[in-house]
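As given, the protein sequences belong to chains A and B, one line each in that order.
Residue 1 is where the first sequence starts when you use the working numbering, and the numbers rise one by one after that.
Residue 1 is where the second sequence starts when you use the working numbering, and the numbers rise one by one after that.
Some hints could be false.
Claimed, not checked - In silico EDC-like cross-links for lysine to aspartate or glutamate, where the CA-CA straight-line distance does not exceed 20 Å:
1) A:K93 <-> B:E107
2) B:K93 <-> A:E107
3) A:K286 <-> A:E215
4) A:K271 <-> A:E202
5) B:K15 <-> B:D321
6) B:K316 <-> B:E270
Unchecked claim - Pairwise CB distance ranges (calculated):
7) B:D296 <-> A:G85: 29 to 37 Å
8) A:S306 <-> B:T239: 42 to 50 Å
9) A:V83 <-> B:S71: 31 to 39 Å
Hints in this document: simulated from the structure, not taken from any laboratory.
Using N, Cα and C, we set each Cβ at its ideal position, and we do this for glycine too.
Number of protein chains: 2
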Amino acid sequence: MHVMIIGAAGMIGRKLVEALASTQTINGTPIDRLTLADVIAPSVPADLASITTSRSLDLATSQAAASLIASRPDLIIHLAAIVSGEAEADFEKGYAVNLTGTQNLFEAIRHEGLREHYVPRVLFASSIAVFGAPFPEVIGGEFFTTPLTSYGTQKAIAELLLADYSRRGIFDGVGIRLPTICIRPGTPNKAASGFFSNILREPLSGKEAVLPVDENVRHWFASPRAAVGFFLHAAQMDTAAIGPRRNLTMPGLSALVGEEIEALRRIAGEKAVRLIRHEPDPTIAKIVAGWPTQFDASRAQSLGFSAETSFDEIIKIHIEDELGGNLQ
Amino acid sequence: MHVMIIGAAGMIGRKLVEALASTQTINGTPIDRLTLADVIAPSVPADLASITTSRSLDLATSQAAASLIASRPDLIIHLAAIVSGEAEADFEKGYAVNLTGTQNLFEAIRHEGLREHYVPRVLFASSIAVFGAPFPEVIGGEFFTTPLTSYGTQKAIAELLLADYSRRGIFDGVGIRLPTICIRPGTPNKAASGFFSNILREPLSGKEAVLPVDENVRHWFASPRAAVGFFLHAAQMDTAAIGPRRNLTMPGLSALVGEEIEALRRIAGEKAVRLIRHEPDPTIAKIVAGWPTQFDASRAQSLGFSAETSFDEIIKIHIEDELGGNLQ
Numbered sequence: 001m002h003v004m005i006i007g008a009a010g011m012i013g014r015k016l017v018e019a020l021a022s023t024q025t026i027n028g029t030p031i032d033r034l035t036l037a038d039v040i041a042p043s044v045p046a047d048l049a050s051i052t053t054s055r056s057l058d059l060a061t062s063q064a065a066a067s068l069i070a071s072r073p074d075l076i077i078h079l080a081a082i083v084s085g086e087a088e089a090d091f092e093k094g095y096a097v098n099l100t101g102t103q104n105l106f107e108a109i110r111h112e113g114l115r116e117h118y119v120p121r122v123l124f125a126s127s128i129a130v131f132g133a134p135f136p137e138v139i140g141g142e143f144f145t146t147p148l149t150s151y152g153t154q155k156a157i158a159e160l161l162l163a164d165y166s167r168r169g170i171f172d173g174v175g176i177r178l179p180t181i182c183i184r185p186g187t188p189n190k191a192a193s194g195f196f197s198n199i200l201r202e203p204l205s206g207k208e209a210v211l212p213v214d215e216n217v218r219h220w221f222a223s224p225r226a227a228v229g230f231f232l233h234a235a236q237m238d239t240a241a242i243g244p245r246r247n248l249t250m251p252g253l254s255a256l257v258g259e260e261i262e263a264l265r266r267i268a269g270e271k272a273v274r275l276i277r278h279e280p281d282p283t284i285a286k287i288v289a290g291w292p293t294q295f296d297a298s299r300a301q302s303l304g305f306s307a308e309t310s311f312d313e314i315i316k317i318h319i320e321d322e323l324g325g326n327l328q
Numbered sequence: 001m002h003v004m005i006i007g008a009a010g011m012i013g014r015k016l017v018e019a020l021a022s023t024q025t026i027n028g029t030p031i032d033r034l035t036l037a038d039v040i041a042p043s044v045p046a047d048l049a050s051i052t053t054s055r056s057l058d059l060a061t062s063q064a065a066a067s068l069i070a071s072r073p074d075l076i077i078h079l080a081a082i083v084s085g086e087a088e089a090d091f092e093k094g095y096a097v098n099l100t101g102t103q104n105l106f107e108a109i110r111h112e113g114l115r116e117h118y119v120p121r122v123l124f125a126s127s128i129a130v131f132g133a134p135f136p137e138v139i140g141g142e143f144f145t146t147p148l149t150s151y152g153t154q155k156a157i158a159e160l161l162l163a164d165y166s167r168r169g170i171f172d173g174v175g176i177r178l179p180t181i182c183i184r185p186g187t188p189n190k191a192a193s194g195f196f197s198n199i200l201r202e203p204l205s206g207k208e209a210v211l212p213v214d215e216n217v218r219h220w221f222a223s224p225r226a227a228v229g230f231f232l233h234a235a236q237m238d239t240a241a242i243g244p245r246r247n248l249t250m251p252g253l254s255a256l257v258g259e260e261i262e263a264l265r266r267i268a269g270e271k272a273v274r275l276i277r278h279e280p281d282p283t284i285a286k287i288v289a290g291w292p293t294q295f296d297a298s299r300a301q302s303l304g305f306s307a308e309t310s311f312d313e314i315i316k317i318h319i320e321d322e323l324g325g326n327l328q
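Work out the full structure: start from the sequences and follow the hints.
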């Protein structure tokens with residue numbers, strides 16, 4: 001089994017590689033080859049060094065996609081993308097990477113299949129950014145995709161292509177619409193959504209964090225561990241059960257910022273909560289007000305996908321996976 | 001006012017040109033230039049000969065799109081497409097014409113705007129093929145687009161691009177999701193949907209027609225005149241009222257085949273109805289069973305779009321527009 005991860009240098013990519021290094025199998029079949037690709041060559045896991053190839057390339061060139069697919073991977077996990085803010089700031093780069101790059105990948109697979117029978121499984125990291133406000137209170141499984149960003153547009157288009165290429169038997173695709181990942185490891189960044197993670201991650205390490213919105217802001221979350229689990233499940237599931245509607249809103253936790261803080265208090269105490277500094281930022285508040293807050297993910301759940309059901313769980317996962325099981 | 005129609009040689013294109021030749025204005029502004037483009041050079045209306053340019057080109061080449069847009073039309077009506085059956089039979093041609101062609105057009109507009117301020121209105125002929133079964137009994141305004149054909153996929157992608165380019169101010173786009181056009185003029189063709197028109201058009205001219213499905217089959221219709229009206233309204237409306245959700249399911253008439261036949265009986269008598277030969281075709285019946293039957297088009301209606309409300313009306317329009325007002 002040859003597994004390829006494109007966009008392997010990102011946060012989810014690195015965690016997926018760790019998980020594969022730990023299991024070393026997909027559905028009981030040993031992984032005998034692993035290809036990791038990104039714009040900078042991804043680091044190679046020690047446990048899989050002998051079977052891993054790390055490649056630096058730009059999927060927005062069709063040659064790069066063809067050269068990747070010439071190795072005929074059985075499972076392709078496509079995570080490569082530039083993020084929402086950058087895709088909005090740089091129209092051409094966003095379309096080149098997020099749309100043309102994905103089209104090049106899908107076309108390379110089709111051309112390889114024309115040469116000799118080839119139908120790999122393809123997992124695509126999509127996003128709840130395919131949806132655009134105004135929303136119903138709970139976004140149902142048949143709600144339309146009217147994105148309000150170029151990033152969301154590019155993801156929604158890739159979803160349509162994934163469904164059509166799958167329907168035509170060119171590959172066996174699953175689109176994974178990720179919730180906002182929380183707690184993101186690392187350091188605070190300028191993403192408008194950063195505070196959802198910052199207000200937990202920083203206090204859990206004894207550092208201050210800024211909360212720019214009210215505690216009654218609601219949003220849709222899953223842990224990095226849950227995100228890795230979505231891809232591992234999609235890699236191993238019976239896709240016949242999905243039918244032609246190949247893009248799935250993943251399960252998540254709908255929670256208030258105040259519920260994040262209560263969970264922090266229960267797990268790390270009042271001293272951690274006191275590290276959250278309330279500094280209302282109307283610009284961020286306005287951006288966040290346009291984001292979805294809750295989904296009906298029963299379709300993905302019935303297909304075996306699962307995520308956390310409380311922020312206590314999300315915080316404990318962070319402590320286990322990022323802090324070696326210990327609080328500061 | 002420079003008006004450009006791309007795909008002007010098709011049935012709706014020709015009727016739109018006739019309508020423009022009759023009004024010679026858009027919102028009271030005289031049309032002082034008309035460009036008609038298609039893969040074969042469209043014929044030029046006598047009344048507008050002095051201001052019309054007819055061009056033969058393939059939008060799937062980016063040079064063709066750039067050369068069209070260099071003339072900076074104020075209103076662009078993009079009807080060019082290959083039809084569903086052909087797009088399904090020829091994957092590459094379908095994507096080249098219906099997707100790449102549309103992308104080339106939109107990009108040519110963006111590049112022209114980068115050179116010098118330019119924000120034309122762009123009307124795009126989309127289709128109810130963006131929807132895929134299973135459907136609710138009435139497809140609501142927020143139902144998702146999960147097409148089951150490559151044609152529907154290409155139209156759904158073009159809709160997403162149209163919305164994003166409009167949101168970013170690159171052009172002022174409106175996506176027009178057409179119902180099945182009935183009564184299509186011309187001769188019977190092999191399209192699976194052909195019989196909806198054949199069973200009226202042929203008997204109205206004293207000829208036999210074949211009905212391959214039950215009379216209780218329901219579908220969603222508008223006349224060619226209504227379709228032309230959709231584009232003329234979209235050309236003249238205040239698009240600020242639309243907001244970011246730029247793709248509109250047009251109003252139509254949800255009717256049974258039996259209701260078509262009853263209207264034919266009322267207007268042309270029993271002798272016309274007797275020209276319909278019932279020849280059940282399970283293949284066609286199966287295809288048609290996957291098609292939508294009814295929409296909630298209240299959003300488009302509230303924006304001023306309208307269509308027929310009975311098959312009597314649809315038949316009378318055909319008699320007026322195609323038969324010179326006379327029955328055989």
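Handout entry: Ascending list of hint numbers which this structure does not respect
Key = none
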